[in-house]
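Participant: Okay, here's what each chain looks like letter by letter:
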Amino acid sequence: MHKREFLRLTAMGSSLALGASLIGTRIALAANAQGWPAESFAATSVDRVLQELFQMRDLTISERVHVQIPAEVDDALTVPVSVSVDHPMRDDDYIARIYLLVDHNPTPLASIFHCSPANGKAACYQRIKILHDSQVRVIAQSNRGDILAAKPHGVRIRSTGATQ
Amino acid sequence: MSILANMGSRLTRNFGEVQIGLPKQAKKGEIIEIRALILHPSQDETEGKKIFIEEVTFTFDGKAFCHFDCSSMGSANPYLAVPLRAEKSGLVTVRWRNNQGHTSSGQKSLRVTD
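Quick note, the sequences are listed as chains A and B, same order. The letter at position 6 of the first sequence is residue 0 when you use this note's numbering, and the numbering goes up by one with no holes. The letter at position 61 of the second sequence is residue 517 when you use this note's numbering, and the numbering goes up by one with no holes.
A portion of the hints provided could be inaccurate.
As the list claims (entries may be wrong) - Mimicking DSS-like on lysine-lysine, the simulated pairs with C-alpha atoms at most 30 Å apart in a straight line are:
#1 K115(A) to K544(B)
#2 K564(B) to K480(B)
#3 K483(B) to K115(A)
As the list claims (entries may be wrong) - Label pairs and their calculated CB-CB ranges:
#4 Q499(B) to P64(A): 22 to 28 Å
#5 D86(A) to R491(B): 38 to 44 Å
#6 E486(B) to T54(A): 40 to 46 Å
#7 D86(A) to E486(B): 18 to 24 Å
#8 I151(A) to L547(B): 36 to 42 Å
#9 Q499(B) to G148(A): 22 to 28 Å
#10 Q45(A) to T502(B): 23 to 29 Å
#11 K480(B) to S153(A): 40 to 46 Å
#12 D80(A) to E501(B): 35 to 41 Å
#13 T54(A) to S545(B): 39 to 45 Å
Stated by the list, open to error - Listed next, the stretches of chain B that the computed footprint assigns to chain A, with coverage defined by at least 3 CB atoms under 8 Å from CB atoms of chain A:
#14 501 to 514
#15 526 to 540
Simulated from the structure, these hints should not be mistaken for laboratory data. Here a beta-carbon is modelled for each residue, glycine too, at the ideal position from N, C-alpha and C.
Throw the hints in and build the complete structure from the sequences for me.
Facilitator: Here it is, written out as structure tokens:
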């Protein structure tokens, strides 16, 4: 009887362990954010963010930054954004950061993608919230400090009240 | 509706899970796409308790090669894709950290042929 009970427990234990390894997650507490740019994310106007990040330097519009984003969306909470930059990714000359900003979001700075020559090309895909009709800006910065900005893209949120 | 409800409970159950998509194998020098889906909510204070992913790091064999810093304007269940120049076989790890300091990760092997 004892043995059977033990076996049952062991089986339960191992299936739990298996479940855990399948899920592949171990929630742990990490050390506090290092390098996460709290001030840039705290800014509530796009001018503030640009001031914070680029000291309002002229952002030259470049044809080399390609942004794919729908002009109209139904789901404001899941808007796909795909970015690629025509730029070498050599050890001495590469795109180091790609900034994504949404002018009329409460937090205009949506994300900063940090990349490296190991990526092979400067590109990323992500999904963001765009809560109001807004311009979306993508700005790439090389390791040498060169700034390449995409022409801002307008995104319109279709009315979601279509229950009929 | 029930599909959505089921999906919702599935997402809740697997909080923090990271699913990684890689090509089955890659040729040396080829630039491949790594996709990562993280099951995690994204809310700012107007939506209740503020919880969102602040950072997602991609590493290959223990070496970080790119990462995202994100605000609460990232979508719930972030779906990200990044390129990687495949030089050798190894282990791809995607690790996230949220604004409450929780962290978790997923891994997948990449096989590179000459």
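Participant: Does each hint hold? Answer for all of them.
Facilitator: Tested hints:
no.	hint	in the structure
1	K115(A) to K544(B)	holds (17 Å)
2	K564(B) to K480(B)	holds (11 Å)
3	K483(B) to K115(A)	holds (16 Å)
4	Q499(B) to P64(A): 22 to 28 Å	holds (23 Å)
5	D86(A) to R491(B): 38 to 44 Å	violated (30 Å)
6	E486(B) to T54(A): 40 to 46 Å	violated (32 Å)
7	D86(A) to E486(B): 18 to 24 Å	holds (23 Å)
8	I151(A) to L547(B): 36 to 42 Å	holds (40 Å)
9	Q499(B) to G148(A): 22 to 28 Å	holds (26 Å)
10	Q45(A) to T502(B): 23 to 29 Å	holds (25 Å)
11	K480(B) to S153(A): 40 to 46 Å	holds (43 Å)
12	D80(A) to E501(B): 35 to 41 Å	holds (39 Å)
13	T54(A) to S545(B): 39 to 45 Å	holds (41 Å)
14	501 to 514	holds (count 3)
15	526 to 540	holds (count 14)
Checked against the numbered hints given earlier, this structure breaks hints 5, 6; the rest are met.
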